[in-house]
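*Asks:* Sequence:
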Amino acid sequence: MIDVEQEKLHPLRKELDSTKYNAGLNLIPEFNGANWELFKRKVETQFVRMDIDSYLKNEPSASSPIERRNDRAALAEISMRLAQVQFKQIADCTTTAQAWRKLCAAYDQDKSSTSSTKFIEFIEERKKASETMKSYLDRLTEKYLDLILLDIKIGEQAFCGKVLQGLPADYNPIKAAARASRQETISTLTSLLLSTERELAMPKAQEPMFNVKAR
7 MIDVEQEKLH PLRKELDSTK YNAGLNLIPE FNGANWELFK RKVETQFVRM DIDSYLKNEP
67 SASSPIERRN DRAALAEISM RLAQVQFKQI ADCTTTAQAW RKLCAAYDQD KSSTSSTKFI
127 EFIEERKKAS ETMKSYLDRL TEKYLDLILL DIKIGEQAFC GKVLQGLPAD YNPIKAAARA
187 SRQETISTLT SLLLSTEREL AMPKAQEPMF NVKAR
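Heads up: the sequence shown runs through residues 7 to 221, numbered per the working numbering.
Honestly, I wouldn't trust all of these hints.
As the list claims (entries may be wrong) - Calculated pairs, DSBU-like style, for lysine-lysine (alpha carbon to alpha carbon, straight line, at most 35 Å):
#, residue 1, residue 2
1, K46, K63
2, K94, K108
3, K140, K159
4, K48, K168
5, K94, K46
6, K149, K94
7, K26, K94
8, K134, K181
9, K133, K159
10, K159, K134
11, K168, K181
12, K26, K46
13, K159, K108
14, K124, K108
Stated by the list, open to error - Here are the in silico distance ranges between beta carbons for each label pair:
#, residue 1, residue 2, range
15, T202, A112, 19 to 29 Å
16, A97, R185, 12 to 22 Å
17, D176, A111, 37 to 47 Å
18, N38, E137, 38 to 48 Å
Since the hints were derived computationally from the structure, they do not count as laboratory data. Just so you know, even glycine gets a beta-carbon here, dropped at the ideal spot from N, CA and C.
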């Protein structure tokens, strides 16, 4: 008979075929010590989809080869996505739960501390010279959504103001036009900035070198 309590801990009772989940697993970024919240959320979400999230908290049954095998697979998926320093932190762990507890203990922050850090990161964001407008907007939007999850609601108007404030000086005419036309929603500002970028990238018509007057 199946132990009911054990069934609650580890509902997956067949060997995991992780190849079925490659698309989702590829979305989990490498954890380098600076992107813990994103890495943690991606791992937990993907493990729920794979029905192996229980191994993040519970040890596999010593009497179940399938559970031990699934636990090793879960641990491997985490280990493969750790930078060298972070991998060394869990190198002596033999189960997923042990490794996950170590990572959480090292990188989890209390909510107030996390909120403060995320808000400062958002405020200090700037568009990089070599960065596309889409990449800049995607990066800011992700941080904006993280703030909402932390109950920091800054509103679309404030978000738009931050987007414009983070643009370099050569965008000053565009920034002035956006403010004058009261671009206060994310969708309208995004559309304006992306179309402007496309226009700036278009080659300008060359003027003739010599102005020949008709006789």
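*Asks:* Next step is simple, just say for each hint if it's right about the structure.
*Replies:* Structure-based check of each hint:
Note on K46 and K63: the hinted pairing holds, with a Cα-Cα distance of about 13 Å set against a maximum of 35 Å. With a CA separation close to 11 Å, the supplied pair K94 and K108 stays within the 35 Å bound. At most 35 Å may separate the alpha-carbon atoms for a hinted pair to count; K140 and K159 meet this at roughly 23 Å. Restraint check for K48 and K168: the C-alpha separation of about 27 Å stays at or below 35 Å, so the hint holds.
Restraint check for K94 and K46: the C-alpha separation of about 18 Å stays at or below 35 Å, so the hint holds. A C-alpha spacing of about 29 Å is found between K149 and K94, which places the hinted pair at or below 35 Å, so the restraint holds. This hinted pair checks out: K26 and K94 have alpha carbons roughly 29 Å apart, not beyond 35 Å. Taking the CA atoms of K134 and K181, the gap is about 16 Å. The hint holds against a cut of 35 Å.
For the hint linking K133 to K159, the alpha-carbon distance of about 22 Å falls within 35 Å, and the restraint holds. Between K159 and K134, the direct Cα distance comes to roughly 26 Å. Compliance with the 35 Å bound is thereby established for this hinted pair. Pair hint K168 plus K181 holds up; C-alpha atoms about 11 Å apart against a cutoff of 35 Å. Among the hinted pairs, K26 with K46 is consistent with the structure: their alpha-carbon atoms are about 21 Å apart, no more than 35 Å.
Pair hint K159 plus K108 holds up; C-alpha atoms about 31 Å apart against a cutoff of 35 Å. Simply put, K124 and K108 have alpha-carbon atoms about 23 Å apart, close enough for the 35 Å limit, and the pair holds. Restraint check, T202 to A112: a C-beta distance of roughly 43 Å breaks the suggested window 19 to 29 Å. Judged by the Cβ atoms, the range 12 to 22 Å given for A97 and R185 is violated: they are separated by roughly 53 Å.
Separation of D176 from A111 is about 46 Å and conforms to the stated range, judged on CB atoms against 37 to 47 Å. N38 and E137 have their C-beta atoms about 19 Å apart, which leaves the hinted 38 to 48 Å range violated.
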